[in-house]
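For the sequence shown, position 33 (counting from the first letter as 1) is numbered 34 according to the numbering used here, and the numbering increases by one without interruption.
If you are wondering where the hints come from, they were derived from the structure by calculation, not from laboratory data. There could be a bad hint or two in this list.
Here are the simulated BS3-like pairs of lysine-lysine, each with C-alpha atoms no more than 27 Å apart in a straight line [claimed, not checked]:
| # | residue 1 | residue 2 |
| --- | --- | --- |
| 1 | K42 | K124 |
| 2 | K31 | K42 |
| 3 | K94 | K5 |
| 4 | K5 | K90 |
| 5 | K31 | K86 |
| 6 | K42 | K90 |
| 7 | K31 | K98 |
| 8 | K57 | K98 |
| 9 | K86 | K132 |
| 10 | K66 | K5 |
| 11 | K42 | K5 |
| 12 | K57 | K42 |
| 13 | K79 | K57 |
| 14 | K66 | K79 |
| 15 | K68 | K53 |
| 16 | K53 | K132 |
| 17 | K66 | K86 |
| 18 | K86 | K53 |
| 19 | K79 | K94 |
| 20 | K68 | K57 |
| 21 | K79 | K42 |
| 22 | K5 | K79 |
| 23 | K31 | K94 |
| 24 | K42 | K98 |
| 25 | K31 | K53 |
| 26 | K98 | K66 |
| 27 | K86 | K98 |
| 28 | K119 | K98 |
| 29 | K68 | K124 |
| 30 | K66 | K119 |
| 31 | K124 | K53 |
| 32 | K31 | K119 |
| 33 | K42 | K132 |
| 34 | K98 | K68 |
Here are the simulated distance ranges between beta carbons [said to hold, decoys possible]:
| # | residue 1 | residue 2 | range |
| --- | --- | --- | --- |
| 35 | N34 | K66 | 22 to 32 Å |
| 36 | I118 | E87 | 17 to 27 Å |
| 37 | K31 | D65 | 20 to 30 Å |
Being a predicted model, the structure only gives us computed values, none of them experimental. Just so it is clear, CB atoms sit at the ideal spot from N, CA and C, and this is done for glycine as well.
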Amino acid sequence: MWIKSPIDLLYFEHSILRVRFSIALSLLDKSENEAIEILEKTHDFIVNWHAKIEDKYVFPLFGDKAKPFSNDHLLIEKYGGSAIKERRKDWIKRYVKIVLDHNLNEEVMLFSDSIVIKEDVMKYILDDAKKYPLYSELTGLRLQ
Numbered sequence: 002m003w004i005k006s007p008i009d010l011l012y013f014e015h016s017i018l019r020v021r022f023s024i025a026l027s028l029l030d031k032s033e034n035e036a037i038e039i040l041e042k043t044h045d046f047i048v049n050w051h052a053k054i055e056d057k058y059v060f061p062l063f064g065d066k067a068k069p070f071s072n073d074h075l076l077i078e079k080y081g082g083s084a085i086k087e088r089r090k091d092w093i094k095r096y097v098k099i100v101l102d103h104n105l106n107e108e109v110m111l112f113s114d115s116i117v118i119k120e121d122v123m124k125y126i127l128d129d130a131k132k133y134p135l136y137s138e139l140t141g142l143r144l145q
């Protein structure tokens, strides 16, 4: 695979989230059901894959500096789940902004730091990715 480090993978996944959210928001008024379906899959990806690997493999490398970002994950899970379930467009737009701001802050405040990552961490992450059923569909990455 061309992505060699967990940080690069997270940058890539953040870009995927930006694209998926952009598509969903553009469809929200024209095709609400389609937008909600995209949002549901994206939210599931964030909650059941992306945030979990950050918390499990990456944030521990940054120590206490990462705690606020880890704490954000619960807010994102609960608020996003409610916004999508209730189909509240104003809440959905706020949820998208929260996630995108959170990701940007991770990139600026955490990922720019130099950290030592053991080589086997990427292998563990990719092994876990193979267990997430929609990983390839949502990211376009083929895991072998």
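Results for each hint:
With a CA separation close to 25 Å, the supplied pair K42 and K124 stays within the 27 Å bound. About 19 Å separates the Cα atoms of K31 and K42, which keeps this hinted pair within 27 Å; it holds. For the hint linking K94 to K5, the alpha-carbon distance of about 33 Å lies beyond 27 Å, and the restraint is violated. With a CA separation close to 37 Å, the supplied pair K5 and K90 exceeds the 27 Å bound.
With a CA separation close to 18 Å, the supplied pair K31 and K86 stays within the 27 Å bound. For the hint linking K42 to K90, the alpha-carbon distance of about 17 Å falls within 27 Å, and the restraint holds. With a C-alpha separation of about 20 Å, the suggested pair K31 and K98 falls inside the 27 Å cut-off, and the hint holds. A distance of roughly 24 Å separates the Cα atoms of K57 and K98; the hinted pair therefore holds under the 27 Å criterion.
Between K86 and K132 the CA atoms are separated by roughly 26 Å; this keeps the pair inside 27 Å, and the hint holds. Only pairs whose Cα atoms come within 27 Å are accepted, and K66 paired with K5 is accepted, the gap being roughly 24 Å. Simply put, K42 and K5 have alpha-carbon atoms about 26 Å apart, close enough for the 27 Å limit, and the pair holds. Between the alpha carbons of K57 and K42 the distance comes to roughly 21 Å, so the proposed pair stays at or under 27 Å and holds.
Among the hinted pairs, K79 with K57 is consistent with the structure: their alpha-carbon atoms are about 19 Å apart, no more than 27 Å. A C-alpha spacing of about 23 Å is found between K66 and K79, which places the hinted pair at or below 27 Å, so the restraint holds. At roughly 14 Å between alpha-carbon atoms, K68 and K53 fall within 27 Å of each other, so this suggested pair holds. Of the pairs offered as hints, the one joining K53 and K132 holds, with about 13 Å between alpha carbons and a cut-off of 27 Å not exceeded.
The straight-line distance between the Cα atoms of K66 and K86 is roughly 32 Å, outside the 27 Å bound, and the hint therefore fails. For the given pair, K86 sits about 22 Å from K53 by alpha-carbon distance, which is consistent with the 27 Å threshold. With a C-alpha separation of about 15 Å, the suggested pair K79 and K94 falls inside the 27 Å cut-off, and the hint holds. For the given pair, K68 sits about 12 Å from K57 by alpha-carbon distance, which is consistent with the 27 Å threshold.
Pair hint K79 plus K42 holds up; C-alpha atoms about 15 Å apart against a cutoff of 27 Å. A C-alpha spacing of about 32 Å is found between K5 and K79, which places the hinted pair above 27 Å, so the restraint is violated. For the suggested pair K31 and K94, the alpha carbons sit about 15 Å apart, so the restraint of at most 27 Å is met. Among the hinted pairs, K42 with K98 is consistent with the structure: their alpha-carbon atoms are about 17 Å apart, no more than 27 Å.
A hinted pair counts as satisfied when its Cα atoms are at most 27 Å apart, and K31 with K53 does not qualify at roughly 33 Å. Among the hinted pairs, K98 with K66 is consistent with the structure: their alpha-carbon atoms are about 22 Å apart, no more than 27 Å. Only pairs whose Cα atoms come within 27 Å are accepted, and K86 paired with K98 is accepted, the gap being roughly 17 Å. Between K119 and K98, the direct Cα distance comes to roughly 33 Å. Violation of the 27 Å bound is thereby established for this hinted pair.
Between the alpha carbons of K68 and K124 the distance comes to roughly 24 Å, so the proposed pair stays at or under 27 Å and holds. Proposed proximity of K66 and K119 is supported: the alpha carbons are some 19 Å apart, at most 27 Å. Restraint check for K124 and K53: satisfied, since their Cα atoms lie roughly 16 Å apart, inside the 27 Å limit. Annotation: proposed proximity of K31 to K119 is violated, straight-line Cα distance about 47 Å (limit 27 Å).
For the hint linking K42 to K132, the alpha-carbon distance of about 16 Å falls within 27 Å, and the restraint holds. Among the hinted pairs, K98 with K68 is consistent with the structure: their alpha-carbon atoms are about 20 Å apart, no more than 27 Å. For the hinted restraint 22 to 32 Å between N34 and K66, the CB-CB distance of approximately 41 Å leaves it violated. Between I118 and E87 the beta carbon distance is about 39 Å. The supplied range of 17 to 27 Å is therefore violated.
As the Cβ distance of K31 to D65 is approximately 45 Å, the hint placing it in 20 to 30 Å is violated.
Of the numbered hints stated above, those contradicted by the structure are hints 3, 4, 17, 22, 25, 28, 32, 35, 36 and 37, listed in ascending order.
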